[in-house]
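Undergrad: Given the coordinates of chain A, assemble chain B onto it according to the supplied hints.
Chain by chain, the residues run as shown.
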Amino acid sequence: MRKITKICDLSTIYKQWEENLEANNNPHPDFEHSTTRKDFYQDVKMQLLRCQGGLCIYSEQRLCPLELLTDNKWQEGKYIYQDQDKQAEGDVEHFDDKLKKAPLNKAWLWDNLFMAHHTINIRKSTKSLDLRLKPTNPNFDPFYLFDYDCTKHEFRPNENLVHIDKILYDAVKDAIKVLSLNSIKWKRKKNLICYVAEISISKENPPKADVYEYPTAWEFWQRQQNQKAHHQSDNLVSPDEYE
Amino acid sequence: MKISRIEIQDFQQFKNLNIDLTYPQGHAKAGQPLDKVCIIGQNGTGKTTILKLIHDYILANQSEQIWEKYALIKEVITESQQKQNTIITLIVDEYKTRTLFSFSSRYNFRCSKKGFNLFPLTKKFIYIPTNAYTLVTTPTGVLNPNQYLVEDYFKLNDEFLFSVKGAFYNKTFSYQKAFKEFSMSVVNAIIENPNENSALKVQKWRRENPNPLEEIAYFIDKLLAPAGMKLKTTVNEDKNNVDIQFISLQNGNAIPFEQLSSGTKNIFLTAYALYQQIENESIILIDEPENSLYPNLQRAIVPTYTSLRPDAETQFFFATHSPVIASCFEPWEIVDLELDDDNHVVRHLYYEGENHVDNYSFYPKYMRWDEILRDVFDLEEEGGAERKGELKKAGELKKELDKLKNLGHTAKTNDEMRVLLDEYKKSLTRLQIFPNQIPTK
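Chains A and B, in that order, give the protein sequences.
Residue 1 is where the first sequence starts when you use the working numbering, and the numbers rise one by one after that.
Residue 244 is where the second sequence starts when you use the working numbering, and the numbers rise one by one after that.
The shape of chain B in the complex, shown without the other chains:
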């Protein structure tokens, strides 16, 4: 069960927002809810708010203390916006439209009882907020506990890390112990029968009893490789010294978890949390997955995370400011939020006319990074004001030099040209362009 539409009326910066989350006509899955969604937009256009709304309303719907949960949302809305006629609707498909709750100016909060069973209690959702690891380990804390239901967000904190270490230890220790016992049995068999084919036996055992950490490493190493390391698939057998270790691809040295950079810690724990938590019919919400990550690693995360998708009913939502992340999506998977003339949030549509695959005018997957910045992230200029000024200067120098060239050889023109040429070369090398790349206008 996936979300196929979100309608938000009179809530915070949203006046009347209607987000269609289905595949367009002409697509093999036309009309079905999207497998993955990427929310982009200027700061303040509500990307995180939408992720939180999805999270909180599903959670509220599942909770036994539902009225308390809704009361909390009600309080937030009342205090923050005091909007009239707030209605937020999550639609799972066109035939099961459910308004999860509506809210009037008289604070007459009511909830659609039909919506209660929209998402079954078993529905799994994972919400990883921005900088999940660093946020929860910051002593002052950045998350506001009074805002929404933050206590239910996925926390990649020290407690989680401790549980991961424990899981690693238990899984691998059991495996190593079983392998030792098996090895002893093989040795004994060889003693009894020297013609015994032990190699085949070991191969068979390994095939039937995979090292659990190798399975995790197969997934996580794709993300660690750009950072020059891989997961160590054996653990220290000392129970008092349990740690997750990594191996440097450069020199083979072991790297303890604590020595990882904040970005690598974040990506490891996020990836592991997904690996461990994901199950059928999950909804995964990841806010700003690009934080602290170098672009080549950003390129790897969306395909790697979504490769965990266990069934067709699992849906991923990413909110991002990164053109590299956005380049991992089809145009219909991108929800581009922008402010209209009245400062209300609207969705910028990438198609004209009917929502059909043929009517989309660009595909971020096939575009250059600078084109994505220009066409998707609205960065109209190809560079800053300094570049613009330098381009103008180079153009003027070129004109001057051409003029002198046409005057023919004289000592004066040669001297003048030498001076101008030096300036021209400096200008071009600052711009990193060849003369034919200077814009004519």
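Isolated chain A, as found in the complex:
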């Protein structure tokens, strides 16, 4: 899970409709309402994917290739639907499930919507996560909330949180379980291996890899490698110390 900023800059027809509903304090239509769904679901989905870089908001698996997220796919506030666009996977997910239904009736609230992998959306089902884990929250920092086991390629709650905020620690632990973030650890490891392989033969300086999925795990991995390297250099005995 990484921090994102959500800007609804292309799906303007939907955004105007949603803002009108909110300004007039009108209840939203049901999320399954067929006409509303037909009008806006695809636009919301593609706009969210654009904000999320085409990745699942929770697992960071790729849901669609980057070429489907370019500006030229949009015309007059609507996404131009083409056959090839079926490649975009995932479900529109309600971060706070309570907003989806009565009495709150805010099923189409932009702020509450994210794109998630279908399997994760099913697993999350009607469960809601702690609001502090919302990736658009100004204070959201995955490197403060999570830890990453580079041997098992599993996410863990940051152990430091136990002493600072036990409720938040349990919320992170619960989110990892609810979202089954570690059920795809082998896929994640495979990608990280490929990134390291790319870096090892990269001609660029500093070397770069095409990080197509799992950017948070990759960042954790890099940080830990840098820490290790730093630690090793600290342990080297300088010639001065010999003297």
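If you're looking for bench data, these hints aren't it; they were derived computationally from the structure.
Just to be clear, a hint being listed does not mean it is correct.
Claimed, not checked - Distance condition first, Cα-Cα at most 27 Å in a straight line; then the derived DSSO-like pairs of lysine-lysine:
| hint | chain 1 | residue 1 | chain 2 | residue 2 |
| --- | --- | --- | --- | --- |
| 1 | A | K98 | A | K3 |
| 2 | B | K258 | A | K190 |
| 3 | A | K106 | A | K3 |
| 4 | A | K187 | A | K127 |
| 5 | B | K668 | A | K152 |
| 6 | B | K473 | A | K187 |
| 7 | A | K177 | B | K473 |
| 8 | A | K173 | A | K228 |
TA: Frame of chain A, contents of chain B only:
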């Protein structure tokens, strides 16, 4: 009274095997017989044979028809090996060395009368053979009734299961009945005196009258938890429908015994048999306890079974092929059997020089699983031939890629690198390793 040494001469695959079963020097129990022993070794090195020998000779020693029993062993030896000068010795301590029997080429079978009273008649031993449950329920049967004294092995068969069900029913039914009677007395007391502190009374009664099944569950649930269930501590009061039931930890649903997997049935009946049978001065022999069990359950069984040890004179023997089971033992508790150049079974010692705790070079309890496989179970390679080949391939691809990288940017080298990089990535992901983990040689 525990076994401190086993000496076997000219019997089956054993030429001259001497197994010291005492704690090494430097240990708090130095010189005393081991509390638990783990026998490991290649197939055919005699792990099961040793368990059977211990079982049969103790049994023969206790039997009133001792000559008949020995005659049976004699027949087996005669038919199977025709060895000369077979001598098998079980030693209970260094001052009471007893040769239980010896056997010469002229079939002049004789038994050391001094050995008769080595193990008292009250000595309890429990032998649970490999797949005890599945073996006895297989219609064709795998155990050979002519081999050794198999009729005395512990049988976790339908008859045993029936007896367990009966025991569960009787114990719990009596408890439930007593609790009902007590509850009625509490209700009556409240009617007579509304200020009566009934909660304290119930607590006290429960403390003084524990549910017998809860005591069993405390022991057995440790083994059932990894399989996602626990023992149900109440029984159906219908005497015609007596069954042992389990509760799913996932959804709380009841699971009847018959619906358990063969591994879970086996572990439940083995654990219950031990729980029920074990008593002071027992010798417990368990062959391949890991069968049909997932590794996390294998990890639980040795500490759970040995936690039943009622006194210092009880001794456990396990024979296993499992590195997970072996990791539950100190190095001096492991009897590692191997074949020497003449195909005779010898014990591979884990220490050099004097048998002292400081002279042991590795401790399975603290080792990684792959290290146990390599150092204890002699699996020298870190993987199969396919892994070895793939590691070589990844190393060669890396060299090629480094060479092209040093040539600098050209369209040709870039294209070549792209193709090689794809192959390199596939190779690394098959191996599940990062580039820096490719061996340099």
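Undergrad: Could you run down the list of hints and mark each one as holding or not?
TA: Hints versus structure:
{"no.": "1", "hint": "A/K98 / A/K3", "result": "holds (22 Å)"}
{"no.": "2", "hint": "B/K258 / A/K190", "result": "violated (52 Å)"}
{"no.": "3", "hint": "A/K106 / A/K3", "result": "holds (23 Å)"}
{"no.": "4", "hint": "A/K187 / A/K127", "result": "holds (25 Å)"}
{"no.": "5", "hint": "B/K668 / A/K152", "result": "holds (19 Å)"}
{"no.": "6", "hint": "B/K473 / A/K187", "result": "violated (34 Å)"}
{"no.": "7", "hint": "A/K177 / B/K473", "result": "holds (23 Å)"}
{"no.": "8", "hint": "A/K173 / A/K228", "result": "holds (26 Å)"}
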